[in-house]
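**Q** Here are the chains, one letter per residue:
There are 2 protein chains.
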Amino acid sequence: MNQFNFTMPTKFYVGFGQVNVLREIAGEYGKKALLCADSTMGELGFLEKVKNLLKEAGVEVEVIDDVQPNPKDVDIDRQVAYFLEKGCDFTVGLGGGSSMDTAKAVAFLAAQNDGSVRDYVAGGVKSALEEVKQPYPVICITTTAGTGSEATKWFVVTDTVNHDKPGVGHDLLMPSVSIVDPEFMMSLPANVTRSCGIDVLFHAMEAYVAKCANAFTDMAALEALRLVMKYLGRAIENGKEDREAREGMAWANTLGGIVIGEGNSGTVAIHALGHSIGGQTNAPHGLTMCPLAVPYIERTWRADMEKYANLTRVFGYGEDTMSTEELAALCPEAMRGVLKKFGCDLTMKDLGVTEEMIGPMTDSVFHTMGGVLNNSLVEFTREDVIALYKDAM
Amino acid sequence: MNQFNFTMPTKFYVGFGQVNVLREIAGEYGKKALLCADSTMGELGFLEKVKNLLKEAGVEVEVIDDVQPNPKDVDIDRQVAYFLEKGCDFTVGLGGGSSMDTAKAVAFLAAQNDGSVRDYVAGGVKSALEEVKQPYPVICITTTAGTGSEATKWFVVTDTVNHDKPGVGHDLLMPSVSIVDPEFMMSLPANVTRSCGIDVLFHAMEAYVAKCANAFTDMAALEALRLVMKYLGRAIENGKEDREAREGMAWANTLGGIVIGEGNSGTVAIHALGHSIGGQTNAPHGLTMCPLAVPYIERTWRADMEKYANLTRVFGYGEDTMSTEELAALCPEAMRGVLKKFGCDLTMKDLGVTEEMIGPMTDSVFHTMGGVLNNSLVEFTREDVIALYKDAM
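If you read the protein sequences in the order shown, they are chains V and U. Just so you know, we're using numbering that gives the first Met the number 0 here: the first sequence kicks off at 0 and counts up by one. Just so you know, we're using numbering that gives the first Met the number 0 here: the second sequence kicks off at 0 and counts up by one.
Honestly, I wouldn't trust all of these hints.
You can't tell identical chains apart in this list, so a pair holds if it fits in one copy or across any two.
Each computed DSS-like pair below joins lysine-lysine, with the alpha-carbon atoms no more than 27 Å apart [what the hints assert, rightly or not]:
(1) K85 - K210
(2) K340 - K389
(3) K54 - K31
(4) K31 - K132
(5) K340 - K10
(6) K71 - K348
(7) K125 - K348
(8) K30 - K132
FYI, nobody ran anything at the bench for these hints, they're computed from the structure.
Based on the provided sequences and hints, a complete structural model is requested.
**A** This is the structure we're talking about:
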């Protein structure tokens, strides 16, 4: 067992109907909230529902209802100005990763009130995040089972100058409250269920075989993987009816977030390389990891055979009679089977990546995701990254 | 899955050598610490070690080195006065449950600075714990793998007037930092390893079959039980050498604490009735549950056969061919086997309980542990409690 440490300052509310807790608790965080959501939240009636609950808690509500997928630096800066202009006390992120990350970014940057979000990302003048001020409180309400943003100390922003997707991470970026209410997830279309659900799988799987993995994250990662294997197929196929599957995925997602967030394990090269695919193509985040998974496992399974053997088992492959090494060696095939099972057996070409993009994508990996890359059990040079990308085409 | 919520504000440091983190972090909590420990900490050199680390962090140290097992109300009140008189900023609890509970109690009561600890326990004039003030920070350093106090929002105090052991629980009672360094546990004698380790088993087992059990606590409780089954026997037999076993038990203990603490599951009738044995006999806390476990399981296994079947399995009993009901019905026998395996097959008589004590003990259960009792899956009337105690004689 390695030495490790973890903190979880977030208060979690998990289960059907838990959003109603807003009525009781929202008032503790201030008198005026900035509610950040994308346009579908209004169409589905969720925006109205949350707005009303906040009002019942005696909270005045300002709304941003046009959060875009993969939120851009320029939009965040505009939203920070709006938060300050309206004199808000806290933010509420309602939606998927984009809305929750927006809520986290706005609460953080409004408290600093000093420059653009671009100053705080890798390469920016304030990227060391020294002496940052305590952010305004953030309440996350996740409406997808993916990203795990409600349980992490990260937000990701699209850099419109460098065309990459750097992440900003700081202990103070943990949400104050996270509400994981599967009721919001019942109407998610199958393709969103799939791309978010597969992201959960990668959070858990990568964290399990990361350098920073520890006894706490191993426990939660394996539990998340068991839940994904049990429920993701059902949630994709029959998500409008299967409440148990939605609930299982909601919890798996939160566990995945805890593992990469306050459990301090984090993701590895799969996410590092996937982010750059997202920066170039705007493909749904969860899908960007799919082409990379098998080539990654082929390069790494020898580095910790016991763990890769456990992955093979949790993916439902292998026999009791096989040795640890045999099981570990089977892991690439098991991963291939899992991707196929969930309709995620994609190449980078399928996501719109061209050969010409590989150079800039590789630059971006080292520019913005070097720390994540180095969390892999195996070292990846620039040549290794290019080769992995090529295998994934 | 039930709705549930959890928070973990504590920052955990787990693993060999982690106590050295004090050098880096202690200064964040103030300029002067009150270090609470029992006399063995000095004998073992641990008191000196921690004092020096605090000094290296630039912290001045006041010491209480005579914490007694099952700390008394009168002692706590005296220590609170000492904390205030010396102008301390935070407490450090070094030792087992008694030292850590003392640190938590003193930090809490000094901040209130309003009356005796007896006012805050069940039946006391301030027992509703309304409008309590933020306690001074607490750093817990556990030197036993038992009690889990470093991960809970509880302290337990011996009421010298009513001869019971009420607990005081409040969200603000979570330690700021918990250090779980198995190095401190290497020299624990076998009998302490046993009584603390069996307490971990009960925390996890009871929380798993508690009314308030949830997906988060189920995961952590089963993991804790797996670790106890794997490592407790080794830690009892060869604890001076077997570092892996000590580490496994240290982590199991912390998981057990998380489960009953911020995971919000909590213990059940076994702990409720065990506390009253402790109040009457001063027997080691962990052992007080042993006589009660089998009679408790006999009365409850039908209430959730799936969970009791899982307990039977994790205890290493049953066959794959058995039905869930058959496995659940086997749980009392499995529990009996586990207690025997760890040298804990004790009757209440073995702990010094006489027939005459059963009446006052039963009174005390309802006086101080009613909430815990009601967390059981089965209802326990006064007659039920007496009958269970009699079965345990």
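**Q** Which numbered hints turn out to be false for this structure?
**A** Numbers 1, 5 and 7 - these are the hints that the structure violates, sorted from lowest upward.
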